[in-house]
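Residues per chain are reported as follows:
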Amino acid sequence: MSLAIVGLIGVLFAAGTYLLLQRTITRIIIGLGLIGNGTNLLLMATGGRPGATPVAGGGSEVTDPVPQALVLTAIVIGFAITSFLLALAWRNWTLDGNDEVEDDISDRRIARAERDTEADGAGASDERGDGA
Amino acid sequence: MALLVLLPLAAAVGILTGGRRAPVRWLALAAPAVLALVVVGLVARAGPARDGAGVAEATTWVPSLDLSLSFRLDGFALLMGLVVAGVGTLVLAYSVAYFAHDEDPERVRRFTAWFLAFAGSMLGLVLADDGWTLFLFWEATSITSFVLIGLDDRSPAARASAQRALLVTAAGGLCLLGGLVLVTQAAGASTFAALAADPPTGAAVSAGLVLVLVGAATKSAQVPFHFWLPGAMAAPTPVSAFLHSATMVKAGVILVARLAPVFAGVTWWRPAVVVVGTATMLVGGVGALRQHDAKLLLAHGTVSQLGLLVVLFGLGHPGVTAAAVAVLVAHALFKATLFLVVGAVDHAAGTRDIRRLTGGARSLPVVAAIGAVAAASMAGLPPLLGFVAKEAAVDALLAVDDRWATAALVGVATGSVLTVAYTARLWLGVFTDVGLDPDAGPPAPADHRPAAMLAGPPGLLAGLTVAGGLAAAPLAALLDPATVALDARAHAHLTLWAGVHAPLVSSAAIVLAGAGLHVALGRRARALPAPRVSGEVLFQRGFDGLLTGARRLTGVVQSGSLPAYLSVIVGVVAAALVAGLAGGIVVGPVGTIAAASRAEAAVALTVAAMAIAVLTARRRFVSVLLLGTVGYGLAVLFLLWGAPDLALTQLLIETVMLVVFLLVLRRLPEGYVPPPEWAPRALRVALAVAVGVSMAAFALMAGTARTERPVADEHLARAYPEAGGHNVVNVILVDFRGIDTLGEITVLAVAAVGVANLVRAARRGRAGTGAWRAATARSSSSVVFAQTSRLLFPLVLAVSLYVAFKGHNAPGGGFAGGLIAGAAFLMRSLAGDQPPLARTRAVRPTTIVGAGLALAVLTGIAPLVAGRSFLESSIHRLDLPLVGPVKLVTSAAFDVGVYLVVLGVVLSVLENLGPGADLIAPDVESPGGSRRTGRHRPDPGAVGPR
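In order, the protein sequences belong to chains A and B.
If you're matching positions, the first sequence starts at 1 in the numbering used here and goes up one per residue.
If you're matching positions, the second sequence starts at 133 in the numbering used here and goes up one per residue.
Please keep in mind that the hints were generated in silico from the structure rather than gathered at the bench.
Virtual Cβ for every residue (Gly too), placed ideally from N, Cα, C.
Covered, in the sense of this in silico footprint (three residues per stretch, anywhere, with C-beta under 8 Å from a C-beta of chain B), are these stretches of chain A:
1. 1-13
2. 20-28
3. 34-42
4. 48-54
5. 64-78
6. 85-96
7. 100-111
FRET-style restraints, in silico, Cβ to Cβ:
8. 995/B to 95/A: 45 to 51 Å
9. 95/A to 983/B: 28 to 34 Å
10. 707/B to 95/A: 33 to 39 Å
11. 707/B to 3/A: 20 to 26 Å
12. 339/B to 106/A: 40 to 46 Å
13. 96/A to 677/B: 37 to 43 Å
14. 192/B to 106/A: 47 to 53 Å
15. 112/A to 654/B: 52 to 58 Å
16. 710/B to 112/A: 33 to 39 Å
17. 95/A to 882/B: 18 to 24 Å
18. 95/A to 710/B: 38 to 44 Å
19. 3/A to 892/B: 45 to 51 Å
20. 106/A to 580/B: 51 to 57 Å
Take the sequences, apply the hints, and build the full model.
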């Protein structure tokens, strides 16, 4: 493992996290893709010294095959997950006409009801939350 | 003995489960009979209890925890058991008449059943020989009391009172539990006898005793927990008479009585019980003077008397303890009587308000006389039991040379003055015109003559009060086993007439002062100041605050914003990593920070640049292409590191994924219109950088930290001999770790089903099935592409099969093969051509997925039939004509399963997000679309059959 790879892992995670924390679904999916790539790279980089293709009886000069097996399935599963998220994004766009993660309405309602109660208690407002 | 406890409990269960069929009238006869039977049972076993230590009995409950249900029938337990069962019998008999006109038989059944359940629990409590048994029944009485207070479950006030009583007593129960744990751990035993024989000491024991006393104070309504008891008056009068005056509220007193002789020597014990008990006496007494409702007046009076009992028992001086037992009996008799009398008056007049009751002494002479006896006993007038007991208490307190006993004496005297005053207020208010107040409502004469059963039980109790006073000396002999059981040195001395001495003088002074107080207060009693900060207010504030706090916390923590949740998660991850790495980054024993090769550095730099470029991309299409570049760059790195399998898979996946992205993106607007973000940009950047840096540091450490030999050595050695394959990565996937792979392809299948359902659910009702062909049968715009792809299709399929089968020995395998096959279909689809498989629709993608999964599972199960383990592979060598020797490994079949699943998943995703999604009118104007972007049009760069 070289410092260049260490830096690349950091960049992939940072960029992926930044996108993940946004509201636009497409960007979240892309961010997740970057984090997935970073994770695969991390697994490979920490899995031992690079070497020759692992073939049976290949001695100690070959790459460790175990992380490879892990990463291989991770790549394919990453594809399946991304497809699923894309289907969600498509559905959100088709039905709601936006590409955003919106806040959960019922949670917002709880928070607003609480604010309203406080306002009522303080006599600052007589407007009752209708919960809509 | 356990039988005596079980009898009422079993009867309660019987009534609750099967009693629906029995007429209420039978129930009314059977229920008192059950408790009367308990009385008989107790008397029959009284012999050993009267002679000495009594009989003990234990049933092992949880042997591993050394828990058992142990009971002991000693003198005190016998006395309390008789009070519980005896008063219970009379109150149940009384309640027959009390509920005679109740139109709801179900309510009466519930009352009877829970009343018996309470009686059983209370018997268990008084008979308990160790802390755990006591605790069990202690909690049982709290719960039964809760149900009985809330018997009128349609009344919000009753429900609130029941809830409050339960919360207070259950909180006290928790304290008691904690205290018992501390004390019994220190003592190494849990029976009261063992505690008395060898009292534990130490700080932990002191803390435990404080908790036990808090538990006792909640149960016996001591300040500041006393407020629940007046609230409990929402219960029907028989319940109040039995639970909330004669029995349950004595539980705390009983506990104090059992512990005080052992622990009264602890320095803080006497001050604590005297202060709390005296405060309770005064608060209860003043509270009683403020009430108009006769029942509430009695409830406050009970609080006051409980304070007196706690003081007397808590002091732990043998003489005082002996007198306290007499006071306890006297209180049980006169307080139950008074409650029953008030209930009878309520029945006759329809109110309990002393401002409205009038003429009771004339219209209800018998009830009034019974009430007068009980009231006189409460006030401490001769020749009644109350007088005798109070004289004994004062006498015993005077005999003790102890600062706290003197303090207690002052408290008892003051409390008694209040008691005389509120007793006068009660009896005169209920039975005469004293206190009549036209403002409170029309006068309510008691013109409805009560049934004999409403007067009989209180009459009997009043008779006992008189008998106890007149036959003081024989009573002392009867009580002696009980006092000795508490404290071997405690002997009751009860006398009706001992000449003119200090106690008599003080008694006379108390009565005179009390009478004077009553006259002085008159009807201004209501004006007595109410305490500003009471336990009740604190409780209510705490309770409301808890609910409000919970709502507020939910409002803050559960903001409903996904990015906010995610940032908490990634923040915690980063913080955990930083905390873990706080000791410095240790580059481990392997120490393999290699210099990057030139190629590696170049690729890493390019990929990093692409990843950063993604952040600045303003168009969706561009950011997806950049993401693809990152993926391809990783494939190059994998190739450089000797991982061709990975490189191949990564390349294929990136390609397929790019197409899937574009299929979806052609629906979405071209550019991003950033929605309002949830947090300032600086915070998000900081979080992202924190995660990136901590992950890099982690990579640096983890990559050099290996200390054990890799398992790969074994895999490399065994791959060929045992699994018949040269490609160790593939052997791991299909053989060594085959069950993992089975799980992974299941995940793939689930994701594909998820995609299909998301699309189908959105499509439902939007387009008929007939539109399918129209959507799928669009012609290509490029003839050359279409023709080429048609020619290449079989070739690519053949390559995919080759890669799949070759995979066991060379780079490739089911995953790569399936992806190549998927790419072949993808190519035809992009050319606007439907490949044969999709055209016929005979084989649906989901069928392919299912077949692949089934094949993989069957390959796993087959060895089981042959008596081998799941997924164990076997190698067969065949000599085929023409081809020559062929080696067959069963895991190849598993790899075919993987191939089919991957192919099916790719096809399913393409079909659903491609033509499947097209079935929804592509330019449907959705409600928010134009508002947000104003350019709801397909991406010009999108590849798709448009």
